[in-house]
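Same order as they appear, the protein sequences are chains A and B.
Once you know that position 61 of the first sequence is 61 in the working numbering, the rest is easy, because the numbers rise by one and skip nothing.
If you count the second sequence from 1, you need to add 81 to reach the working numbering.
Hints in this document: simulated from the structure, not taken from any laboratory.
There's no promise every hint is true.
Some but not every residue of chain B turned toward chain A, in silico, with C-beta under 8 Å [stated by the list, open to error]:
(1) Leu166
(2) Ser169
(3) Val171
(4) Arg180
(5) Tyr205
With a straight-line Cα cutoff of 35 Å, these simulated DSBU-like cross-link-like pairs (lysine-lysine) come out [what the hints assert, rightly or not]:
(6) Lys195/B - Lys2/A
(7) Lys2/A - Lys84/B
(8) Lys195/B - Lys84/B
We treat Cβ as the ideally placed atom computed from N, Cα and C, and that holds for glycine.
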Amino acid sequence: MKVVVQLFAGARELAGQQQIEVELDASANVGTLRTALLAQCPALGPLLPHALFAVDTDYATDETTLAESSEIACIPPVSGG
Amino acid sequence: MIKLTREPLDTAPLLATAQSPQAGAVLLFLGVTRQHTEGRETSELHYDAYETMAVQELSTLEAEARQRWNLTECLIVHRLGCVPLGESSVAIVIASPHRRAAFAAGEWLIDTLKERVPIWKQEYWADGTNAWVHPTEGKR
């Protein structure tokens, strides 16, 4: 399946794009997405180990499963306030 | 009440909303763009957000604060885009019958906002360089 990952802040800058399309197995979870994302976009390397992911606007763990329709966002360490 | 805005923050209407005969204490916290950070000079900050999720997380913070403390009002407004020196990026207004709850809730809200809400700042330094701020060792 194909999923779209939204990128923000430093992740967007490193990747040079606002979102990135990733091809995954149908049984993929956030953990497998991390691996695939790094392979597809090595520039994200410095930030990815520190980033969280959100699925359908809730923070996810590496075990959270994904669907093609999931709204997925890569959340690098936040710095609001 | 939760709001994201690209306009300068106007605290007067927030305080007017919060002030009531039930609230013996009204607290205002402002996060302000600071000129000097560890010897470096900032010229301005830019803020970006994952807006739908940021609103949702801020609403959760408001609900948690109202559950933990007796609050008569809880307002959080975060500015996005460019925030020049001396201007506010975030305003938190807490009203409570007594001051201790207001201080405790205000401190918890800004601390937790900085840990949890998907908003990011980009430092524009006076030397012309810029960098996104992504704290990785508990320094926020």
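Evaluation of the provided hints:
Interface restraint check for Leu166/B: the shortest CB-CB distance to chain A comes to about 16 Å, outside 8 Å, so the restraint is violated. The restraint placing Ser169/B at the interface with chain A is violated, with a minimum CB-CB distance near 11 Å, outside the 8 Å limit. Taking 8 Å as the C-beta contact cut-off toward chain A, the hint placing Val171/B at the interface holds, the least distance being around 5 Å. With its C-beta approaching chain A no nearer than about 22 Å, Arg180/B sits outside the 8 Å limit, and its interface hint is violated.
For the restraint placing Tyr205/B at the interface with chain A, the shortest Cβ-Cβ distance is roughly 14 Å, beyond the 8 Å limit, so the hint is violated. Restraint check for Lys195/B and Lys2/A: satisfied, since their Cα atoms lie roughly 32 Å apart, inside the 35 Å limit. Restraint check for Lys2/A and Lys84/B: satisfied, since their Cα atoms lie roughly 33 Å apart, inside the 35 Å limit. Straight-line distance between C-alpha atoms of Lys195/B and Lys84/B comes to about 16 Å, which keeps the hinted pair within the 35 Å bound.
The structure fails to meet hints 1, 2, 4, 5 from the earlier list, while all remaining hints are met.
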